[in-house]
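Asker: All chains should be built: construct the whole structure from the sequences, respecting the hints.
Below, each chain spelled out in residue letters.
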Amino acid sequence: MELTRRDAAAALAAIGATGGVALGVRRTTGGADSGAGGPDPSSDGAALSDEAVREAMTAVARVVYPEAVSGVDAFVGGFLDGRLDGSAHAAGVRAAAAEVESAARSWYDSPVTDLSPAERDGLLRELGADVADENPDGTTAERVRFFVVNELLLALYASPTGGELVGIENPQGYAGGAESYRRGPP
Amino acid sequence: MSGAESVGNERSDGGDAGRDVNRTPVPDADVCVVGAGPAGALVADRLAADHEVVVLDAGPRFDPADRLARQERAIRPFYGRPDVWGGGGARDAYENAGDRSYPLNHARVKGVGGSTLHWQGMVMRLHEDDFNSGTARGVGPDWPIDYADLRPYYAESERELGVAGASDNPYAPPREEPHPMPAFEPSYSDSLFAEACEELGIDMHSVPNARNSEPYDDRSPCVGYGTCQPVCPSGAKYDATVHVERAEEQGATVIDRAPVERLEHDSDDRVTGAVYATPDGERHRQAADAFVVAAGGVETPRLLLLSASDRYPDGLANGSGHVGEFFMDHLFAGAGGTLDEPTRQNHVGFYTSACDQFYDEADETQAPFKLEFFNYAGPSPVEMALTGDDWGDSLLERLRDGYGTHVAMGGLVEQAPDADSRITLADDRTDDRGNPVPRIEWTVGDRALDTIERANEVQVAILEELGADVEWVAGPDATGPAYHHMGTTRMSDDPERGVVDADCRTHDLDNCWIASSSVFPTSGAMNPTLTIAALALRVADDVDARLSETN
Ligand SMILES: Cc1cc2nc3c(=O)[nH]c(=O)nc-3n(C[C@H](O)[C@H](O)[C@H](O)COP(=O)(O)OP(=O)(O)OC[C@H]3O[C@@H](n4cnc5c(N)ncnc54)[C@H](O)[C@@H]3O)c2cc1C
Ligand code: SF4
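Chains as they are written, first to last, in my numbering: chain A, 651 to 836; chain B, 8 to 558.
Any given hint could turn out to be false.
To be verified - Estimated spans, in silico, between C-beta atoms of each pair:
1. A:Gly788 / B:Asp400: 26 to 32 Å
2. A:Thr789 / B:Glu371: 55 to 61 Å
3. A:Gly788 / B:Asp27: 35 to 41 Å
4. B:Ala72 / A:Arg655: 49 to 55 Å
Since the hints were derived computationally from the structure, they do not count as laboratory data.
Don't be surprised by glycine CBs; every beta carbon is placed ideally from N, CA and C.
Answerer: Here is the structure:
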């Protein structure tokens, strides 16, 4: 099934983005229990350009998305156009993508984009992102799960095409109208 | 701004988001309202044109631009429900001391709009017998008012909130005019249930939703985000920010992050001031001629208890000793399973058909109960996708196996009032400002537990008739609260038996009203907020009449 820019726009409309406007981090640093501080992008790996973040994310998407979808490049690119704004979240995505990239280079001696699908799958599992629970402030595994793996899965399965793969053309998070719930199965 | 963590944490961060906020008291206020949920917002809106009104709310003013990020929090597994609207932590601490644990911070939102930011938006009128439970069913006291007293206010509340409904429910109490919007059409799964119900002689009918089925009141119709509970990004679901904004347009002042810590009174039994805290650590005192406490069913009794004085050593307005007692909620009864065909769930986050047929069978041994036919049975694929240790094709396979054939029914059951089910103040636990936190002792009696079983029997019979493989039943052991806090400042004509009179004015203090489900003497089994709204409008009329008298 072909993912389109329309799906990317729908995923963005579902989970929010300002279309790349850099607003700065509105939130002032939280109190002791706020638990919402973004990761420090300089802690692991070198900062990546937005283009490199996009490439790394697309490479990961090719592994975490099912075979049945095509058009992954345009979809992930379009989605990240909206997500990589000036928010704390965008900083988290950039940092986690950089960690994936830096792990690829140290363990496989190669950028993540040049790894085979099996190696990319292995890399994510070696990072622990398969068994980790997502956590924006957690360990590397938990942050990769939050900002990379789940970021991509959320985009896919909150989009109409992603929903349709599972049998729901109006998935939660997507404003697919107030008629589809009345229709029977196709 | 995108991303679930980008919205920060309003309860602890210092940010007024660049707004220049003045939180000092309003001079010459006529009316001070405590709480900006639907009760407080409706009172404020109704009085603001003719009176100087100030509303104090303990929680923040939420930025509407953050709603999608809140929706992302609702979907992502990292966040608990209270995180969606910044609940929990020291500000919202509480204690459980009863035989059942009560998850208070799942059951409310603090902030401008109150718990309607999170609510589901199902809005029914109570039945006529609910107002006469003692006489008609032999359980609890009768209310000092009747359905007829509230009927015009119900109609008005339906217009205020914007209710989509139809007149096809033969069990609903009498109404003279149609709902302001047409009902949402039944879902596909409703049509499956309908066949089974017809076989069994069980009636299905539409259900009133405080949710736009068409454009209403400058708000969007429902666009099917499917996350109504806990956040509607489109504004199609009513929330009380609607009336807060309207009140402000008419000149009311709304002060956020201003928890009222005590109410002060004079020797003439009049409340004179509300002492509140502000984020800069200051304390202020708002004076007014009239006070309306609308802080929800738990914080309202807590505030009265915190306001104990020499004259009212057991708590303000507590001459009866009943403040905090008779804490009630509606109990959930449910059952669900799977069919061997698609059921098309989770497109929208609300339900479209119900059954009130068994409601008025209620007597001393059986509580009123109602049944709901869910449109959101089983897991939502997006949420499933974010947990588990698979991805790619094996994840898709798991999603396809997990989604698609679920069906479920819910129901609500009345809980009888019991003085031992109550809200008091904790002995040695305080909140972020050093005030004793609420202690909840929630007990549920046998009548309710037996009725849950009765509801389960009907639910399972319907599911079996439908051919479902019944996989779960939420019976007496697995029941939980529906997040409707009622009974804790009950209404009675007799000052010995209740905290407020039939006008919701406290017996002890002349210029103090309570607008909340805390005044319900008995709870019925209908979601409470339409009744809260009707009572709030009625409170506003009484406040207006008395202020006009004194002027
Ligand atoms: C998940 C969920 C689903 C629900 N679904 C439904 C439904 O479908 N139908 C229905 O009828 N009801 C539903 N409810 C219940 C409904 O939300 C409440 O009945 C309704 O919001 C109560 O209105 P209120 O104004 O009395 O109190 P609230 O909405 O709780 O507002 C009280 C306000 O007072 C403020 N406050 C508290 N203490 C103080 C203080 N000391 N000083 C200043 N301010 C204070 C709080 O910050 C809050 O903003 C649901 C609730 C939840 C949580
Ligand atoms: S489905 Fe719910 S959340 Fe979505 S637009 Fe309709 S009311 Fe709002």
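Asker: Give a verdict on every hint.
Answerer: Status of each hint after checking the structure:
no., hint, verdict
1, A:Gly788 / B:Asp400: 26 to 32 Å, "27 Å, holds"
2, A:Thr789 / B:Glu371: 55 to 61 Å, "58 Å, holds"
3, A:Gly788 / B:Asp27: 35 to 41 Å, "37 Å, holds"
4, B:Ala72 / A:Arg655: 49 to 55 Å, "24 Å, violated"
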